[in-house]
Amino acid sequence: MALLRLDNVEANYGAVRALQGISLAIEEGSIVTLLGANGAGKSTTLKSISGTVQPSGGTIEFEGKPLGGLTTNQIVKLGIAQVPEGRKIFKDLTVTENLNMGAYSRKDTPGIASDLELVLDLFPVLKERSRQLGGSLSGGEQQMLAIGRGLMARPRLLLLDEPSLGLAPIIISEIFNTLRTINKEHRMTLLVVEQNANVALKNADYGYVLQVGRIAVEGTVDELGKNKDVVNSYMGAQE
Amino acid sequence: MFGQQVISGLATGSLYALTAVAVVVVFRNTRTINLAQGDFSMIGAFMALIFIKDLGLNYYVSLGLAVVFCIGLGILVERLVMRPIADSDWLTLFTATLGVYYILHGVAGWFWGRDTKAFPVTFDPTPIKVIGGLLSQGHLINMAWAVAIGAALYYFFKYTKQGIAMRAVTDDPETAELMGIPVRFIVLLTWGMAGFLAAFVGVLIAPIIYVAPEMMDEVLIKGYVAAVFGGLYSIPGAIVGALLIGVTENLAGGYLGSEFKTVTAFIMIVMLLAFRPQGLFGIQHRREV
Amino acid sequence: MAEQNTIQTRTDKLKQKFGRQNWLAAGVLFLAALAFPIFPGVEGWMASQASLIILYIIAAQGVSVLTGYTGLVTVGHGGFLAIGAYTSALLTKYFAVDLLVGIIAGGLMAAFIGFLLGLIFLRLSGAFMAIGTLGFAFFIGTVANNVPIFQGREGISLPPNRILGLEIEDLGFYYVSLFTIGLITLFIYGIVRSGVGRAFMALRDSERAAESAGINRVFYRTLAFSISAFITGVAGVLNAHIVNYVSAEVYADIWYSVDFLVATVVGGSAVLMGPFIGGIFVVMVPFFFETLADFAYILKGVVLIAVLLMAPAGIADLLARPFRALRRRQLEQAETGSTNEAKP
Amino acid sequence: MSAHLHCENVTVSFGGVVACNKISLDVEEGKVVGLIGPNGAGKTTLFNVLSRFQNVDEGEVYLRDKPITGLKAHQIIQLGMARTFQNINLFNEQTTLDNILIGAHRLLGNPFADMLALPSSRRIEAKLRDRAVQLAESLHLQGELDNLVRNLPYGMQKRVELARALAAEPDIILLDEPVAGCNEEETSELKAIIKRVNEEFGITILLVEHDMSMVMTVCDYIHVINFGANLADGTPSDIQTNRDVINAYLGEDH
Chain A
1 MALLRLDNVE
11 ANYGAVRALQ
21 GISLAIEEGS
31 IVTLLGANGA
41 GKSTTLKSIS
51 GTVQPSGGTI
61 EFEGKPLGGL
71 TTNQIVKLGI
81 AQVPEGRKIF
91 KDLTVTENLN
101 MGAYSRKDTP
111 GIASDLELVL
121 DLFPVLKERS
131 RQLGGSLSGG
141 EQQMLAIGRG
151 LMARPRLLLL
161 DEPSLGLAPI
171 IISEIFNTLR
181 TINKEHRMTL
191 LVVEQNANVA
201 LKNADYGYVL
211 QVGRIAVEGT
221 VDELGKNKDV
231 VNSYMGAQE
Chain B
240 MFGQQVISGL
250 ATGSLYALTA
260 VAVVVVFRNT
270 RTINLAQGDF
280 SMIGAFMALI
290 FIKDLGLNYY
300 VSLGLAVVFC
310 IGLGILVERL
320 VMRPIADSDW
330 LTLFTATLGV
340 YYILHGVAGW
350 FWGRDTKAFP
360 VTFDPTPIKV
370 IGGLLSQGHL
380 INMAWAVAIG
390 AALYYFFKYT
400 KQGIAMRAVT
410 DDPETAELMG
420 IPVRFIVLLT
430 WGMAGFLAAF
440 VGVLIAPIIY
450 VAPEMMDEVL
460 IKGYVAAVFG
470 GLYSIPGAIV
480 GALLIGVTEN
490 LAGGYLGSEF
500 KTVTAFIMIV
510 MLLAFRPQGL
520 FGIQHRREV
Chain C
529 MAEQNTIQTR
539 TDKLKQKFGR
549 QNWLAAGVLF
559 LAALAFPIFP
569 GVEGWMASQA
579 SLIILYIIAA
589 QGVSVLTGYT
599 GLVTVGHGGF
609 LAIGAYTSAL
619 LTKYFAVDLL
629 VGIIAGGLMA
639 AFIGFLLGLI
649 FLRLSGAFMA
659 IGTLGFAFFI
669 GTVANNVPIF
679 QGREGISLPP
689 NRILGLEIED
699 LGFYYVSLFT
709 IGLITLFIYG
719 IVRSGVGRAF
729 MALRDSERAA
739 ESAGINRVFY
749 RTLAFSISAF
759 ITGVAGVLNA
769 HIVNYVSAEV
779 YADIWYSVDF
789 LVATVVGGSA
799 VLMGPFIGGI
809 FVVMVPFFFE
819 TLADFAYILK
829 GVVLIAVLLM
839 APAGIADLLA
849 RPFRALRRRQ
859 LEQAETGSTN
869 EAKP
Chain D
873 MSAHLHCENV
883 TVSFGGVVAC
893 NKISLDVEEG
903 KVVGLIGPNG
913 AGKTTLFNVL
923 SRFQNVDEGE
933 VYLRDKPITG
943 LKAHQIIQLG
953 MARTFQNINL
963 FNEQTTLDNI
973 LIGAHRLLGN
983 PFADMLALPS
993 SRRIEAKLRD
1003 RAVQLAESLH
1013 LQGELDNLVR
1023 NLPYGMQKRV
1033 ELARALAAEP
1043 DIILLDEPVA
1053 GCNEEETSEL
1063 KAIIKRVNEE
1073 FGITILLVEH
1083 DMSMVMTVCD
1093 YIHVINFGAN
1103 LADGTPSDIQ
1113 TNRDVINAYL
1123 GEDH
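Residue numbers (the numbering used here), protein chains in the order written: chain A, 1 to 239; chain B, 240 to 528; chain C, 529 to 872; chain D, 873 to 1126.
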């Protein structure tokens, strides 16, 4: 059974018809990537999963339980955390405070403390800066903090919205290495939304390519890597 | 003379500060300028007066009960009035608190009358010498309370989960929601805190001024002015602003004449808004207002 | 191009069909107001009360230009009321000017100060604008209290009112107020329907898009401030002359400013009728509950909150809804009746 | 002949982060030119520079050889350049007709005459209204003239915004993501309208857009920017096969 299953999900974003029937399945323990050019509906898909956008049609199931009607903080409690697009660090909170806010819905104080150690080990640069304000970090550091904050919820499924956005290639590969570590060593399932197809395909197991609110292509990363439609969906080539 | 003016200015300023902090906390988490903040204090003062005079309770017990009452009042206002219109434009939120102001004013006048009442002074009236000036014990005790509450707030915002969450909501409510922080609950907490601070201001200021429905009007205005010093956003900015207003108006009153006392704050605010609309501390307002 | 005037929108048709009715209704109301003093049982003091209501409405109209149409919230229009009142009072006292001169001078002085305030607060909006204007009203109050020429709480007593050389009492004053509000309402009607009114509303709805459309933000913001201050300043002149007395006791009171804002919000801030309903509400509530002042406060608060919860666009909008629906239905029937509108 | 719109070494930075780094580009008279690039490439900043919501640190922008970086936002339209906004920026509380009329603000004449409804301004007003209605008809909005724009469907709001820009009688229009959020039907409708605006009205167009198939079919010429700097430029078919561009979109090592 898939950990997360979307069945024909439709969503309107304000007046915009952003999703026109998305179906996908994420197996436990895998890294799945959702690709597509800007405006294809990637972020809206994530928002539908986390409950910040209410789908207007279709169903979303997590471990077989439908998520419809749940509030965002209930969904977080079920074990779905999110690393939002553009990092969205709390700028006026310190690094440690930011990380603790990721664990807001948890009650197990010792568990939170040990996870904090874990995250700081995973991202040593955050340990150095643990008392600095989130807003004072560089872009790459903020992205690490955003991921760390997501991990602090100890989720079953971590959603990442364009973790490579605006970062230098070397930082991007560092971040994706860490994501693979998290996936392997902690058996955490990841759904990575990316515009940067190459880096995503190199690191994921399975991928979906979105095009204007629909899934255009899907397959294993090897299949997608060879599929010319992937490039075309980005570059707008006709046929 | 100068030292004394400054110290008693700081004493009044510290009460403005508590009001200003409440204004800031509510504004930055709900976009609402709470016009009823002063009346929360006024109700608190009346409640304390009843507890002390009519029920014969101890001063501290009365203070505690007034605080509990005002927290309840803040929460009630959030649930009944503000929550249904939480997504409205700024003017709607503002005028809604004006409605609350009118109601609390009317209720106070209805139950307790319009005439001013003395608040039983429980402190030794002999002034004490402090750094070259004489200061009443009441003023000193008020300052001590203000410092203690300030320390408690610092602890709350720095070290407690809900306090940090409250700051996170200020910073970015949408992301806070994504992290599983129940933003509505935090907003409720914010209004509770406004009530908490209001009760202290009301009870502490009552022996200095008097108790009446309009007792807080002028203090509240100065609270706003102080809050604008921090761009309606920064708590330290609001506290510094409040102390600055307390001292400046006291000096203006002492050296230029009492008629200049009240106008000082407004000259300061008009100048500040004209030249540094983002507040004295250079903080950009985070959200469109 | 020969058919230039044949292009009609639905609004045009509505105007054509019902515009006459609207003007007729307004005319009847105006005539009724003209005839009001000769109704049996109406006494002089009632005319005076009516003048009071009118001047409140005018003041609220001033607020609606700024807050309703331009989107700049003001809690400081009591300051412009005071400026209008004192300008005319001083001119009357020292130069024995005619009331007409007083009205124009009071309005212009307020407009000038409003222009300056608009410039000073050019960068403010929302909460900051509200607090800034509040500070302005307090400042004006303190000036009235402390600058000798304004004679503080003692106040300035004025001679009986003369307009166009004629001495007038309560009744005459009522007619002056009535004509003033008539002119001001036409003035606002004209602005709202002009490109200037559209520019105000464009700035309210989106400053960026407005600027991209070529609307000069500085010019139109200060213009809105000036017009708004002018109108409330005129109300101030009436307020001074209705009792022939001005004093800081009255004008240092911030609650004028707040009342005008309440009147605009309760009535409807961007509707022509809004200030009328709001103005009547604000004056009449304390009037009816004179012996129950506290109850009046509570009622005001409850009504204010109820309006915000249930009719955020104001009472005028609430009242207009059934009429709008009716007219729409009538028009649709008329359109389907004459089938020449059928689409290709 | 020199370009209709010309950017020269435009540089903008926000507190150390360089959003635009010496960007230069030309928009030829009468052409439809696309400006594309991955997220965060600096397109929006450049657009804001062009419409004067953003000051430059260095460089200059010329509109028909006239430098414009010293002008204010509301003065740009006087030079015949209008714009639309990314997420639709209409005057929501007003009707379609009023929105279009606000677009025609620069043709209004003396505001004081207008306010007092003097005969001269009444004539202007009548003319502007007739033109607004004609414009609405040509963009298939005639049925919506009296409706508040906030009640209109998305695709229609996009067209109202275009109509508002056209009402100023510009000779160049900047379109900020004209089809973002539109469905296929709305997209093809807007594509047709953009082509008509360019061909029938003879208006030069510079557009930023993410929908690549739209960019490729509509534009005569394309500029690509990445990390705030010029990356490539050429015809749509050049761009589609340009290695640098594909790498920029799909990630570094392809």
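Hints may contain errors.
Said to hold, decoys possible - Derived lysine to aspartate or glutamate pairs resembling EDC-like cross-links, with alpha carbons at most 20 Å apart:
no. : chain 1 : residue 1 : chain 2 : residue 2
1   : B       : 397       : A       : 92
2   : A       : 228       : D       : 901
3   : D       : 894       : D       : 1057
4   : A       : 91        : B       : 413
5   : D       : 894       : D       : 880
6   : D       : 944       : D       : 932
7   : B       : 400       : A       : 205
8   : D       : 938       : D       : 1009
9   : B       : 400       : A       : 108
10  : B       : 356       : C       : 822
11  : A       : 77        : A       : 121
12  : A       : 226       : A       : 205
13  : B       : 500       : C       : 822
14  : D       : 1067      : D       : 1057
15  : B       : 292       : C       : 822
16  : B       : 400       : A       : 28
17  : D       : 1067      : D       : 932
18  : A       : 77        : A       : 61
19  : A       : 228       : D       : 1110
20  : B       : 400       : A       : 85
21  : A       : 107       : A       : 92
22  : D       : 1063      : D       : 1018
23  : D       : 894       : D       : 937
24  : A       : 77        : B       : 326
25  : A       : 226       : D       : 1116
No lab work stands behind these hints, which were simulated from the structure alone. These numbers come from a predicted model, not from an experiment.
**Study point:** Hints the structure fails to honour
**Key:** 2, 3, 7, 8, 11, 13, 15, 16, 17, 20, 21, 22, 24
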